[in-house]
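*Asks:* Could you build all of it, start to finish, from the sequences and the hints given here?
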Amino acid sequence: MSLENFLILGAILFAIGLYGALSKRNAIAVLMSIELMFNAVNITAVALSRYVVPASLLGDAASITDQAARTLLTGQIFSIFIITVAAAEIALGVAIVIALYRSRETVFVTDATQLKN
Amino acid sequence: MSLGSGTESALATDIAFWVIAVSVIISAVAVVHMRDVFRAALFLVVVFLGTAGLFVLLRAEFLAVVQVIVYVGAISVLILFAILMTQDAEQGSPPNRLRYPVGLLAFLLGAAAVFTALNTEWTLLADALQGTLTTEAAQMVNEVYSNTIPQIASLLLRDYVLAFEAVSVLLLAAIIGALVLVRER
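Quick mapping for you: the protein sequence lines, in order, are chains A and B.
One rule links them: number in the numbering used here = place in the first sequence (from 1) + 11.
One rule links them: number in the numbering used here = place in the second sequence (from 1) + 825.
Derived by calculation from the structure, the hints in this document are not laboratory data.
Please read all numbers here as calculations on a predicted model, not as lab measurements.
You can take every hint at face value.
Covered stretches of chain B (in silico footprint by chain A; criterion: 3 or more residues with CB under 8 Å from a CB of chain A, positions within the stretch not fixed):
id, stretch
1, 869–883
2, 896–905
3, 995–1002
Backbone N, C-alpha and C define an ideal beta-carbon position, used for all residues, glycine too.
*Replies:* Right, here's the structure in full:
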C-alpha cells in the first residue's frame, strides 16, 4: 500500500468513468459514470494529502505554526468540496432527466435534440 | 510506519487495500458494462462503499463517514429513484456510436495518468519524517493525524471559509433549481 497504488487505482477508476460518460446513451448511466470520476478524483486527492508532505512543513522550526500543520489535510477539504458539488450535480442531473422524460418520453441523451437545427 | 500513531499491521492494511481495490475496479467495470441500469446502480453502491473503505485506510475517517452518508445514503437513492421513475422508457443502457474511439481515448488518458504517477518524484511524508522534518514538525504531524476532525473544522471555517460559504449558496441554488425543474405544471 503506497502512494502509487492509490494513484493508479484513481487513474483506472477515472478512465472507466470517462469511457462510460462518453459512450453511454442512457442519461442516468452517464450520471453514474460522472460519479465514478468524482470518486476517482476524491481517492487521488486524499491519497496525495496523506502521503505527500506540504512545503509549509519543510521550513525551519520557527515558521511552522498550527496553520502549517493543518495544510496536511488540504486534500480532505478538497474532497469535501467535491462531494458537495457532486451532490448538487446529481440533484440537478436527475431533475433534468425527469424533465426530459416528461416532455419527450425518453431517457436517451441522443434523443434530446430540441436545440438541433 | 510512524505516520500518525497507527497500530494496524502493514500486512492487514495491504490485504484490505487489495481486496477493496479489486472489488472497486470490478464493480466500476460492471457499472459501465451492465445493460440493466438498475443493476449498474447497485454496483455503483459497491464502488461508493469501497471508496469509503479506502478513505479509512488513508486515515480520513471523517471523509469515510461523509462518503457513506452522502453517496451511499443520498446519491445512490436519488439515482435509484430516477431509474424507477423513468422505468417504462427503459430500454437498458446501450452504448452509442462512439464506443471504440472513446474507449481508446479513456485508455490513453488512464495510461498517461499512471505513467505520470509512476515517474514523478514525490516528496513523501514518511521520508520527511525520517530526515528533513524538525522534531516539532514531526510532533505536529502526529498531533494532526491523531484527531483530524477539529483540524478539518478549522480548515473549513477559518482558512477556506469563503469557499465554504460559496458552496453553501451553490447547494441552495441546486435545490431550488431541481424543485423548479421537476414541479408539475
